[in-house]
Amino acid sequence: MTTLSHDSTTMPRTQRDTRRMNQFVSIAAAVAGLLFGLDIGVIAGALPFITDHFVLSSRLQEWVVSSMMLGAAIGALFNGWLSFRLGR
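Here the sequence shown is numbered in the numbering used here, starting from 1 and rising by one per residue.
Worth flagging that the hints you see were computed from the coordinates, not collected in a lab.
One thing to keep in mind: the hints can contain errors.
[Stated by the list, open to error] Have a look at the derived ranges for each label pair, beta carbon to beta carbon: (1) LEU60 <-> ASP17: 25 to 31 angstroms; (2) ALA76 <-> GLN23: 20 to 26 angstroms; (3) GLY45 <-> LEU70: 17 to 23 angstroms; (4) ARG20 <-> ALA44: 49 to 55 angstroms.
Note that this is a predicted model, so its numbers are computed, not measured.
Backbone N, C-alpha and C fix where the C-beta goes; we use that ideal spot for every residue, glycine too.
Turn these sequences into a full structure, and let the hints guide you.
What follows is the structure, given as structure tokens:
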């Protein structure tokens with residue numbers, strides 16, 4: 001049977017890094033949820049005006065909302081590349 005020994009100086013740093021990563025991921029998920037809610041709020045406010053202007057059925061209203069979400073997903077795919085090219 002083998003026994004693993006840990007150096008006491010490296011263990012707290014690993015736990016601290018894990019905690020920071022967990023906090024970062026949690027904050028990123030919360031911000032993503034807020035942005036998704038913002039998108040839904042914007043389209044919910046604009047949808048009645050779009051429906052009246054273009055005389056949309058309920059099926060076409062669903063397509064309008066879905067296309068906005070699809071556009072956001074496609075934009076997210078290219079965001080990393082764009083940030084890399086235009087960033088510092």
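Here is how each hint holds up against the structure:
Judged by the Cβ atoms, the range 25 to 31 angstroms given for LEU60 and ASP17 is violated: they are separated by roughly 50 angstroms. Checked against the hint of 20 to 26 angstroms, the C-beta distance between ALA76 and GLN23 comes to roughly 22 angstroms, which is consistent with it. Between GLY45 and LEU70 the C-beta distance comes to about 20 angstroms, which sits within the given range of 17 to 23 angstroms. One distance hint, 49 to 55 angstroms for the beta-carbon pair ARG20 and ALA44, is violated here, with the actual separation near 36 angstroms.
The structure does not agree with the numbered hints 1 and 4 stated previously, though it agrees with the rest.
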